[in-house]
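Participant: In terms of UniProt numbering, the sequence shown opens at residue 1 and continues consecutively.
By construction, these hints were calculated from the structure, which means they are not laboratory data.
Accuracy of the hints is not assured; some may be wrong.
[As the list claims (entries may be wrong)] Taking lysine to aspartate or glutamate and the EDC-like style, the derived pairs with C-alpha atoms no more than 16 Å apart in a straight line are:
{"#": "1", "residue 1": "Lys332", "residue 2": "Asp368"}
{"#": "2", "residue 1": "Lys88", "residue 2": "Asp112"}
{"#": "3", "residue 1": "Lys274", "residue 2": "Glu351"}
{"#": "4", "residue 1": "Lys88", "residue 2": "Glu115"}
{"#": "5", "residue 1": "Lys366", "residue 2": "Asp304"}
{"#": "6", "residue 1": "Lys354", "residue 2": "Asp304"}
{"#": "7", "residue 1": "Lys88", "residue 2": "Glu140"}
{"#": "8", "residue 1": "Lys231", "residue 2": "Glu220"}
{"#": "9", "residue 1": "Lys332", "residue 2": "Glu351"}
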Amino acid sequence: MASSGDSATPRSETTHSTESSSSTPATSVTTSSAGSKALPAKDANTSQHIFSESSSSNEQPTTADQLIQLTIDYIGAINSRSWDEAYKLQAWFHPAFITECRFTNREQTFLDSLETMREQANLFPKYRAKLIEASGNIDEDGRAAHCFFHAEWLDCPPGIVTKVVYAIEWRHVDGMWLCYRTNVLPGVDEVEYNLVQGSKEDAHQLDCTNMILPGRAAVERGIIRGLRNTKVQTQPCGVDLTVRAVREWTTSGAVDFDNSLRSNAKSEQLVFSKPTSDGLQPFLRLARGAYLVEFHEHVDMPLDIMGQIYVRSSMFRSGALVTAGVMDSGYKGAVGAMLQVMNADGLTLYENAKVAQMVFHEMSEKTDGYSGVYQGTHSVGL
Numbered sequence: 001m002a003s004s005g006d007s008a009t010p011r012s013e014t015t016h017s018t019e020s021s022s023s024t025p026a027t028s029v030t031t032s033s034a035g036s037k038a039l040p041a042k043d044a045n046t047s048q049h050i051f052s053e054s055s056s057s058n059e060q061p062t063t064a065d066q067l068i069q070l071t072i073d074y075i076g077a078i079n080s081r082s083w084d085e086a087y088k089l090q091a092w093f094h095p096a097f098i099t100e101c102r103f104t105n106r107e108q109t110f111l112d113s114l115e116t117m118r119e120q121a122n123l124f125p126k127y128r129a130k131l132i133e134a135s136g137n138i139d140e141d142g143r144a145a146h147c148f149f150h151a152e153w154l155d156c157p158p159g160i161v162t163k164v165v166y167a168i169e170w171r172h173v174d175g176m177w178l179c180y181r182t183n184v185l186p187g188v189d190e191v192e193y194n195l196v197q198g199s200k201e202d203a204h205q206l207d208c209t210n211m212i213l214p215g216r217a218a219v220e221r222g223i224i225r226g227l228r229n230t231k232v233q234t235q236p237c238g239v240d241l242t243v244r245a246v247r248e249w250t251t252s253g254a255v256d257f258d259n260s261l262r263s264n265a266k267s268e269q270l271v272f273s274k275p276t277s278d279g280l281q282p283f284l285r286l287a288r289g290a291y292l293v294e295f296h297e298h299v300d301m302p303l304d305i306m307g308q309i310y311v312r313s314s315m316f317r318s319g320a321l322v323t324a325g326v327m328d329s330g331y332k333g334a335v336g337a338m339l340q341v342m343n344a345d346g347l348t349l350y351e352n353a354k355v356a357q358m359v360f361h362e363m364s365e366k367t368d369g370y371s372g373v374y375q376g377t378h379s380v381g382l
C-alpha cells in the first residue's frame, strides 16, 4: 500500500523500463506512489516518458503501485499496438465498468473504448500516451482504491484533448481487485489540484467515489429483500424488480410546496386473470395509460446508500416506461413506481414480471436519513 507521505518525506517512486517497438526511443516511466502537487522535473529523463509496453501478470495485485501498473500495462499495450494483450486485460475490469469523458459527455464500456483506440491508431500510427504523473491509494477498509494519472497524448487525431487526467476507481470484489469506473477530465500544464494518494477527498472532487453496488452486494447486505429468485434477479449493476400488484387511479391528487395541502390520489388494485390451464400464468391486458405498480421487493436503505429505479430494456422495446423517484438513504419499506403504457395496442403484463431494475449508489458520507410519512409502509397504494 502506498505511504501517505508529506513535504518532508522523500517521494516513493517505481520506475518501469521499456524497449519501444515503435520509432519512439526506449525510455523509462516513473510513477509516484506518494502524491504531490508538484510534477516531476521536465528534464530529458522525464519529459518524454511514454507508457511502458505491456508487462501484465496473472498475479493478483495487492498494493496501489500494482494497481497503477495494471493501467500502465493497458496504455502500454495500446502504445505498442499489442491488441491481444490489451484485450486480455479485460479480466481486471468489472462487467459493469464504464469510462466517462467529462469534456465530450461520452460514456463507453471497456470494449467500446478499446475499439475506438484501435480505430484511431490505424488512422494515426504515431498516436501515443506520455505519462506525466501517477499516484494512488487503497482505502483503509481495503474495499476501494483510487488511482490518478496525468498524461499527454502525442500525435493526436484532430479535435482530441491532448492533456488529460484519469481518475480510476477500483473495488475489491470476491477477493479480486476490479476496475469499476474511470473519469476522464481535461489536464493542465501544472496540476492545480492535489493528487496526494488518491485520497477519498480528492476522489470526491473528481466524482470518483460514487460507486454503484453490484446487485449481489446489495442483496448480501440486506439492502433489498423479498426477491422471488435471487439468482435470476441479481444483475451486475443492480437488482431486478418484480410486479406484485398493479393499481389504477380513481381520484385526482394534490401536490404543494410544504406538503400541508398534499393529497395522494386513491387507487384500486387490478385483478390478474386466472390461468385456464396448466402452464399458463396470471396476466393483465393493460390499455394505454398510467398505472401504479407495487413490487414484491422492499428495501432497508443504509444512511450512506441511495437508490434509483430504471426501466428494463424489454419494457421500453414494448412501448412501456417505468418512472420512480429517488430512494432516500435511511428509507425502509415498500417499493413502487409508475408504469406508463405508451403503446397504442397496450401491454400484456404477467404476474411477477421483471419490469425495472434498482441501482444502489454509495454516497460520499452518511446522512440523517429519510423520516417522512412513507417510512415503514408495506404498500405504495391507497
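Participant: For every hint, state whether the structure bears it out.
Facilitator: Evaluation of the provided hints:
{"no.": "1", "hint": "Lys332 to Asp368", "verdict": "holds, 14 Å"}
{"no.": "2", "hint": "Lys88 to Asp112", "verdict": "holds, 15 Å"}
{"no.": "3", "hint": "Lys274 to Glu351", "verdict": "holds, 11 Å"}
{"no.": "4", "hint": "Lys88 to Glu115", "verdict": "holds, 14 Å"}
{"no.": "5", "hint": "Lys366 to Asp304", "verdict": "holds, 4 Å"}
{"no.": "6", "hint": "Lys354 to Asp304", "verdict": "violated, 27 Å"}
{"no.": "7", "hint": "Lys88 to Glu140", "verdict": "violated, 30 Å"}
{"no.": "8", "hint": "Lys231 to Glu220", "verdict": "holds, 12 Å"}
{"no.": "9", "hint": "Lys332 to Glu351", "verdict": "violated, 24 Å"}
When the structure is compared with the earlier hints, violations turn up for hints 6, 7, 9 and for no others.
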